[in-house]
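J.: Sequence:
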Amino acid sequence: MLLSLGAFACSGEKPTDNPDTSSPEAPEIRPEAYQNSLEVALKVPDRVDQLRLTNAGLEQIPAEITKLKNVKAIYLSDNPKVDYQEAIPYLAQLPQLTELALGANQIKELPAEISQMKNLSALWLDINPELKWEDVLNKLEKLPGFKELSLNDNEMQQIPQQIGQLQNLEILYLERNNLKKLPESLQKLGKLHTLSLNGNPELDLKATLNQLSQLKNLEVLMLGMSNIEELPEEIGQLQNLEVLWLNNNQIETVPQSMAQLKKLTALHIFANPLSDEATARLKEMLPNTEIVYEGGAMP
19 MLLSLGAFAC SGEKPTDNPD TSSPEAPEIR PEAYQNSLEV ALKVPDRVDQ
69 LRLTNAGLEQ IPAEITKLKN VKAIYLSDNP KVDYQEAIPY LAQLPQLTEL
119 ALGANQIKEL PAEISQMKNL SALWLDINPE LKWEDVLNKL EKLPGFKELS
169 LNDNEMQQIP QQIGQLQNLE ILYLERNNLK KLPESLQKLG KLHTLSLNGN
219 PELDLKATLN QLSQLKNLEV LMLGMSNIEE LPEEIGQLQN LEVLWLNNNQ
269 IETVPQSMAQ LKKLTALHIF ANPLSDEATA RLKEMLPNTE IVYEGGAMP
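For this note's numbering, count along the sequence shown from 1 and bump the result up by 18.
As a list, the in silico PhoX-like pairs of lysine-lysine whose alpha-carbon atoms are at most 20 Å apart:
1) Lys-160 with Lys-136
2) Lys-165 with Lys-136
3) Lys-150 with Lys-198
4) Lys-85 with Lys-61
5) Lys-301 with Lys-280
6) Lys-126 with Lys-157
7) Lys-157 with Lys-136
8) Lys-206 with Lys-160
9) Lys-224 with Lys-198
10) Lys-280 with Lys-234
11) Lys-165 with Lys-206
12) Lys-90 with Lys-136
13) Lys-136 with Lys-85
14) Lys-160 with Lys-209
Here are the computed distance ranges between Cβ atoms for each label pair:
15) Asn-196 with Gly-163: 22 to 32 Å
16) Glu-46 with Gln-175: 49 to 59 Å
17) Lys-224 with Ala-130: 37 to 47 Å
Calculated directly from the structure, the hints in this document are not laboratory data.
Ideal Cβ positions, reconstructed from N, Cα and C, are used throughout, including at glycine.
Given only the sequences and the hints, what does the whole structure look like? Please build it.
T.: Have a look at this one:
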(Lines of atoms letter the chains of each structure in order from A; the text may use other names.)
(Lines give C-alpha, C1' and ligand atoms only; values in the text may rest on other atoms or scores of the structure.)
Protein backbone atom coordinates (compact mmCIF):
# COMPACT_ATOMS: atom_id res chain seq x y z
CA MET A 19 0.00 0.00 0.00
CA LEU A 20 2.80 2.40 0.91
CA LEU A 21 4.43 2.25 -2.49
CA SER A 22 1.28 3.30 -4.25
CA LEU A 23 1.18 6.60 -2.42
CA GLY A 24 3.62 8.42 -4.61
CA ALA A 25 1.47 7.98 -7.68
CA PHE A 26 -1.17 10.36 -6.42
CA ALA A 27 0.91 12.59 -4.20
CA CYS A 28 -0.29 15.85 -5.71
CA SER A 29 -3.98 15.07 -5.80
CA GLY A 30 -3.81 12.90 -2.70
CA GLU A 31 -6.73 10.91 -4.01
CA LYS A 32 -6.97 7.28 -2.95
CA PRO A 33 -9.18 4.62 -4.50
CA THR A 34 -12.56 4.29 -2.87
CA ASP A 35 -14.02 0.93 -1.96
CA ASN A 36 -17.02 2.23 -0.06
CA PRO A 37 -20.23 0.35 -0.80
CA ASP A 38 -23.47 2.11 -1.62
CA THR A 39 -25.00 2.85 1.75
CA SER A 40 -28.04 4.62 0.36
CA SER A 41 -30.52 5.73 2.96
CA PRO A 42 -34.30 5.89 2.51
CA GLU A 43 -34.08 9.68 2.41
CA ALA A 44 -32.16 9.76 -0.89
CA PRO A 45 -31.90 6.26 -2.37
CA GLU A 46 -31.16 7.57 -5.85
CA ILE A 47 -27.85 9.23 -4.91
CA ARG A 48 -24.95 6.80 -5.08
CA PRO A 49 -21.52 7.33 -3.43
CA GLU A 50 -19.77 8.14 -6.71
CA ALA A 51 -22.20 11.05 -7.13
CA TYR A 52 -21.81 12.71 -3.76
CA GLN A 53 -18.10 11.93 -3.46
CA ASN A 54 -17.30 13.75 -6.71
CA SER A 55 -19.58 16.78 -6.47
CA LEU A 56 -19.72 19.31 -3.69
CA GLU A 57 -23.19 20.36 -4.79
CA VAL A 58 -24.51 16.81 -4.52
CA ALA A 59 -22.63 16.18 -1.27
CA LEU A 60 -24.42 19.07 0.41
CA LYS A 61 -27.74 17.37 -0.35
CA VAL A 62 -26.76 14.32 1.73
CA PRO A 63 -24.21 15.73 4.19
CA ASP A 64 -24.42 12.93 6.74
CA ARG A 65 -23.49 10.30 4.17
CA VAL A 66 -20.35 11.92 2.78
CA ASP A 67 -17.14 10.22 3.89
CA GLN A 68 -14.85 11.74 1.25
CA LEU A 69 -14.83 14.45 -1.40
CA ARG A 70 -12.81 13.88 -4.56
CA LEU A 71 -12.67 17.36 -6.09
CA THR A 72 -9.25 17.44 -7.77
CA ASN A 73 -9.24 19.80 -10.77
CA ALA A 74 -12.96 20.45 -10.33
CA GLY A 75 -12.84 24.08 -11.44
CA LEU A 76 -13.90 25.32 -8.01
CA GLU A 77 -13.80 29.04 -7.32
CA GLN A 78 -14.88 28.94 -3.68
CA ILE A 79 -15.61 26.59 -0.81
CA PRO A 80 -18.97 27.55 0.74
CA ALA A 81 -19.53 27.76 4.47
CA GLU A 82 -22.08 24.95 4.06
CA ILE A 83 -19.20 22.49 3.79
CA THR A 84 -19.15 22.51 7.58
CA LYS A 85 -22.29 20.35 7.44
CA LEU A 86 -20.18 17.37 6.34
CA LYS A 87 -19.55 16.15 9.87
CA ASN A 88 -18.56 12.63 8.79
CA VAL A 89 -16.16 13.47 5.98
CA LYS A 90 -12.70 11.99 6.53
CA ALA A 91 -10.86 12.91 3.33
CA ILE A 92 -11.04 15.94 1.03
CA TYR A 93 -9.01 16.19 -2.16
CA LEU A 94 -8.86 19.78 -3.43
CA SER A 95 -5.66 19.76 -5.47
CA ASP A 96 -5.53 21.83 -8.65
CA ASN A 97 -8.27 24.28 -7.72
CA PRO A 98 -6.13 27.44 -7.60
CA LYS A 99 -9.00 29.93 -7.84
CA VAL A 100 -10.27 29.02 -4.36
CA ASP A 101 -9.44 31.46 -1.57
CA TYR A 102 -7.84 29.07 0.92
CA GLN A 103 -7.52 31.79 3.56
CA GLU A 104 -11.30 31.63 3.64
CA ALA A 105 -11.73 27.91 2.94
CA ILE A 106 -9.37 26.37 5.47
CA PRO A 107 -11.17 27.87 8.50
CA TYR A 108 -14.31 26.13 7.23
CA LEU A 109 -12.44 22.84 6.79
CA ALA A 110 -11.06 23.16 10.32
CA GLN A 111 -14.63 22.74 11.59
CA LEU A 112 -14.89 19.20 10.19
CA PRO A 113 -14.30 16.98 13.23
CA GLN A 114 -13.52 13.73 11.37
CA LEU A 115 -11.18 15.13 8.70
CA THR A 116 -7.99 13.07 8.54
CA GLU A 117 -6.71 13.61 4.97
CA LEU A 118 -6.46 16.85 3.01
CA ALA A 119 -4.92 17.41 -0.43
CA LEU A 120 -4.10 20.97 -1.44
CA GLY A 121 -1.54 20.46 -4.21
CA ALA A 122 -1.09 22.88 -7.12
CA ASN A 123 -3.20 25.63 -5.58
CA GLN A 124 -0.78 28.57 -5.57
CA ILE A 125 -1.10 28.84 -1.80
CA LYS A 126 1.26 31.39 -0.26
CA GLU A 127 0.36 30.91 3.40
CA LEU A 128 -1.49 28.31 5.43
CA PRO A 129 -4.03 29.94 7.76
CA ALA A 130 -3.51 29.41 11.47
CA GLU A 131 -6.73 27.36 11.54
CA ILE A 132 -4.83 24.43 9.99
CA SER A 133 -3.54 23.81 13.52
CA GLN A 134 -7.12 23.26 14.71
CA MET A 135 -7.55 20.12 12.58
CA LYS A 136 -6.72 17.87 15.51
CA ASN A 137 -7.55 14.64 13.65
CA LEU A 138 -5.59 15.53 10.51
CA SER A 139 -3.06 12.80 9.79
CA ALA A 140 -2.12 13.41 6.13
CA LEU A 141 -1.55 16.58 4.12
CA TRP A 142 -0.49 17.02 0.49
CA LEU A 143 1.09 20.39 -0.35
CA ASP A 144 2.80 19.51 -3.63
CA ILE A 145 3.42 22.26 -6.20
CA ASN A 146 2.94 25.20 -3.84
CA PRO A 147 6.45 26.69 -4.07
CA GLU A 148 5.56 30.06 -2.53
CA LEU A 149 4.67 28.62 0.86
CA LYS A 150 6.88 29.59 3.79
CA TRP A 151 7.96 26.17 4.96
CA GLU A 152 9.15 27.12 8.43
CA ASP A 153 5.70 28.55 9.11
CA VAL A 154 3.98 25.48 7.64
CA LEU A 155 5.95 23.07 9.81
CA ASN A 156 5.42 25.15 12.95
CA LYS A 157 1.67 24.94 12.40
CA LEU A 158 1.68 21.22 11.64
CA GLU A 159 3.64 20.55 14.83
CA LYS A 160 0.44 21.29 16.78
CA LEU A 161 -1.36 18.30 15.22
CA PRO A 162 -0.89 15.33 17.59
CA GLY A 163 -1.76 12.57 15.11
CA PHE A 164 -0.03 13.96 12.03
CA LYS A 165 1.68 11.11 10.14
CA GLU A 166 2.04 11.85 6.42
CA LEU A 167 3.35 14.89 4.54
CA SER A 168 3.92 15.37 0.83
CA LEU A 169 6.03 18.31 -0.38
CA ASN A 170 6.83 17.20 -3.92
CA ASP A 171 7.72 19.64 -6.71
CA ASN A 172 8.22 22.71 -4.55
CA GLU A 173 11.63 23.91 -5.80
CA MET A 174 13.01 23.41 -2.31
CA GLN A 175 16.77 23.70 -1.92
CA GLN A 176 16.64 22.79 1.73
CA ILE A 177 14.20 21.44 4.28
CA PRO A 178 13.82 23.60 7.39
CA GLN A 179 15.09 22.21 10.68
CA GLN A 180 11.50 22.45 11.92
CA ILE A 181 10.79 19.15 10.16
CA GLY A 182 12.22 17.49 13.25
CA GLN A 183 9.29 18.82 15.28
CA LEU A 184 6.89 16.42 13.53
CA GLN A 185 7.95 13.52 15.70
CA ASN A 186 4.93 11.35 14.86
CA LEU A 187 5.63 11.59 11.13
CA GLU A 188 5.68 8.20 9.40
CA ILE A 189 5.63 9.03 5.67
CA LEU A 190 7.47 11.90 3.96
CA TYR A 191 7.58 12.75 0.25
CA LEU A 192 10.22 15.21 -0.99
CA GLU A 193 10.28 14.28 -4.66
CA ARG A 194 11.60 16.43 -7.50
CA ASN A 195 12.98 19.28 -5.46
CA ASN A 196 16.48 20.79 -5.58
CA LEU A 197 17.78 19.31 -2.36
CA LYS A 198 21.50 19.12 -1.72
CA LYS A 199 21.32 17.82 1.83
CA LEU A 200 18.83 16.93 4.53
CA PRO A 201 18.57 18.78 7.85
CA GLU A 202 20.15 17.22 10.91
CA SER A 203 16.80 17.40 12.66
CA LEU A 204 15.46 14.70 10.32
CA GLN A 205 17.13 12.21 12.65
CA LYS A 206 14.48 13.07 15.26
CA LEU A 207 11.77 11.42 13.14
CA GLY A 208 12.01 8.12 14.94
CA LYS A 209 8.68 6.85 13.60
CA LEU A 210 9.46 7.55 9.94
CA HIS A 211 9.09 4.36 7.91
CA THR A 212 8.73 5.69 4.34
CA LEU A 213 10.83 8.39 2.69
CA SER A 214 10.84 9.39 -0.96
CA LEU A 215 13.72 11.43 -2.32
CA ASN A 216 13.07 10.62 -5.97
CA GLY A 217 14.28 13.23 -8.43
CA ASN A 218 16.88 15.05 -6.31
CA PRO A 219 20.06 14.64 -8.39
CA GLU A 220 22.16 17.14 -6.40
CA LEU A 221 21.63 15.40 -3.07
CA ASP A 222 24.80 14.46 -1.18
CA LEU A 223 24.00 10.77 -1.09
CA LYS A 224 26.79 9.64 1.22
CA ALA A 225 25.87 12.19 3.88
CA THR A 226 22.19 11.44 3.41
CA LEU A 227 22.65 7.71 3.97
CA ASN A 228 24.68 8.39 7.11
CA GLN A 229 21.80 10.47 8.44
CA LEU A 230 19.15 7.94 7.49
CA SER A 231 21.03 5.18 9.28
CA GLN A 232 19.82 6.80 12.52
CA LEU A 233 16.19 6.15 11.58
CA LYS A 234 15.75 2.63 12.89
CA ASN A 235 12.15 2.31 11.66
CA LEU A 236 12.92 3.31 8.06
CA GLU A 237 11.61 0.51 5.85
CA VAL A 238 10.96 2.11 2.45
CA LEU A 239 13.44 4.43 0.72
CA MET A 240 13.05 5.87 -2.78
CA LEU A 241 16.10 7.27 -4.57
CA GLY A 242 14.99 6.95 -8.17
CA MET A 243 15.61 9.45 -10.98
CA SER A 244 18.48 11.09 -9.12
CA ASN A 245 21.35 10.62 -11.58
CA ILE A 246 23.19 8.33 -9.16
CA GLU A 247 26.33 6.95 -10.79
CA GLU A 248 27.82 5.18 -7.80
CA LEU A 249 26.00 3.84 -4.77
CA PRO A 250 27.99 4.58 -1.58
CA GLU A 251 29.00 1.81 0.81
CA GLU A 252 26.88 3.61 3.42
CA ILE A 253 23.77 2.03 1.91
CA GLY A 254 24.62 -1.04 3.96
CA GLN A 255 23.95 0.88 7.18
CA LEU A 256 20.20 0.90 6.49
CA GLN A 257 19.78 -2.61 7.81
CA ASN A 258 16.06 -2.34 8.50
CA LEU A 259 15.18 -1.45 4.92
CA GLU A 260 12.55 -3.65 3.35
CA VAL A 261 12.00 -1.86 0.03
CA LEU A 262 14.57 0.17 -1.90
CA TRP A 263 13.95 2.08 -5.14
CA LEU A 264 17.04 2.93 -7.23
CA ASN A 265 15.33 3.07 -10.60
CA ASN A 266 16.26 5.40 -13.47
CA ASN A 267 19.79 6.20 -12.37
CA GLN A 268 23.25 5.60 -13.89
CA ILE A 269 24.35 2.76 -11.61
CA GLU A 270 26.75 0.27 -13.20
CA THR A 271 28.11 -1.51 -10.12
CA VAL A 272 26.88 -2.13 -6.58
CA PRO A 273 28.81 -2.03 -3.29
CA GLN A 274 29.48 -5.17 -1.28
CA SER A 275 27.76 -3.54 1.69
CA MET A 276 24.37 -4.27 0.11
CA ALA A 277 24.79 -7.79 1.44
CA GLN A 278 24.04 -6.31 4.87
CA LEU A 279 20.45 -5.50 3.85
CA LYS A 280 19.14 -8.77 5.26
CA LYS A 281 15.55 -7.53 5.61
CA LEU A 282 15.27 -6.25 2.05
CA THR A 283 12.31 -7.89 0.34
CA ALA A 284 12.25 -5.79 -2.85
CA LEU A 285 14.90 -3.89 -4.81
CA HIS A 286 13.72 -1.82 -7.78
CA ILE A 287 16.80 -1.14 -9.87
CA PHE A 288 15.35 -1.03 -13.37
CA ALA A 289 16.49 1.56 -15.92
CA ASN A 290 20.15 1.42 -14.84
CA PRO A 291 23.16 0.38 -16.98
CA LEU A 292 24.06 -2.47 -14.62
CA SER A 293 26.92 -4.68 -15.73
CA ASP A 294 26.44 -8.43 -15.94
CA GLU A 295 28.84 -8.77 -13.03
CA ALA A 296 26.75 -6.40 -10.88
CA THR A 297 23.59 -8.30 -11.71
CA ALA A 298 25.19 -11.58 -10.66
CA ARG A 299 26.54 -10.03 -7.45
CA LEU A 300 23.13 -8.71 -6.50
CA LYS A 301 21.60 -12.16 -6.81
CA GLU A 302 24.38 -13.58 -4.68
CA MET A 303 24.27 -10.86 -2.01
CA LEU A 304 20.47 -10.69 -1.79
CA PRO A 305 19.22 -14.25 -2.36
CA ASN A 306 15.88 -13.63 -0.65
CA THR A 307 15.15 -10.28 -2.29
CA GLU A 308 12.88 -9.72 -5.27
CA ILE A 309 15.04 -7.73 -7.68
CA VAL A 310 13.26 -5.80 -10.43
CA TYR A 311 15.66 -5.13 -13.30
CA GLU A 312 13.25 -3.94 -15.96
CA GLY A 313 9.64 -3.06 -16.57
CA GLY A 314 9.06 -1.89 -13.00
CA ALA A 315 6.18 0.37 -12.09
CA MET A 316 7.11 3.73 -10.62
CA PRO A 317 6.29 4.24 -6.94
